[in-house]
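**Student:** Here are the chains, one letter per residue:
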Amino acid sequence: AQSVAQPEDQVNVAEGNPLTVKCTYSVSGNPYLFWYVQYPNRGLQFLLKYITGDNLVKGSYGFEAEFNKSQTSFHLKKPSALVSDSALYFCAVRDGRRGSTLGRLYFGRGTQLTVWP
Amino acid sequence: EAGVAQSPRYKIIEKRQSVAFWCNPISGHATLYWYQQILGQGPKLLIQFQNNGVVDDSQLPKDRFSAERLKGVDSTLKIQPAKLEDSAVYLCASSLVGDRGYEQYFGPGTRLTVT
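Line order of the protein sequences matches chains A and B.
Under my numbering, the letters of the first sequence match residues 2 to 118, in that order.
Under my numbering, the letters of the second sequence match residues 1173 to 1287, in that order.
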């Protein structure tokens, strides 16, 4: 069965410092991995994804994530955090095999990121 | 490019009443999804449409929830009768063909409170 774990409910970091939001996954086939961000009273916004290729993927707003197959991880990173990055971040995984129900995305519980000035 | 539209944004009903949510996906997106997001949890897929056909409704409580996408564009999700545990945000999302690595684009959601 597919699943995602975000081990930290909250991450606090000072503005200008690097940030990491952790994600580990379990999937039967090759993983398709996604990061989404959610601001209050808004839907989820797509940040970046890993499908295949380079393990380091770059996304919106200066975020990047590194796919590590041996550790089944896909941690979200940013070299220098901004106060405006404060939001709820979700990691999601789907099975990369073709097939109807395999397209379902499984989300983690989310990590609240707070960047203080 | 217009995003995914949803209405209403907020709804308060009493238990045992019925409610309906509407979604208009991004133009050209063949796949439409309805998710339930309970406070403190990640979104959980309720139903996935490819054009106007159902691809995955295995997690839809069919005794009370129903959804349709008659013309392959707009979609409605209905709950009848509602229970207290249905209080959640209902998110609609769309993507290009769902069977590949395309990202999903989400609407703002409808916050349902059942009293």
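Rather than coming from a laboratory, the hints here were simulated on the basis of the structure.
Honestly, I wouldn't trust all of these hints.
With a straight-line cut-off of 30 Å between C-alpha atoms, the simulated DSS-like cross-links for lysine-lysine are [claimed, not checked]: (1) LYS1216(B) - LYS1183(B); (2) LYS1216(B) - LYS59(A); (3) LYS70(A) - LYS1216(B); (4) LYS1187(B) - LYS50(A); (5) LYS1187(B) - LYS1255(B); (6) LYS78(A) - LYS23(A); (7) LYS1243(B) - LYS1183(B); (8) LYS1187(B) - LYS1234(B); (9) LYS1216(B) - LYS78(A); (10) LYS1183(B) - LYS23(A); (11) LYS1255(B) - LYS1234(B); (12) LYS1255(B) - LYS1183(B); (13) LYS1216(B) - LYS1234(B); (14) LYS1255(B) - LYS1216(B).
**Student:** Tell me, in ascending order, the numbers of any earlier hints that this structure violates.
**Tutor:** 4, 10
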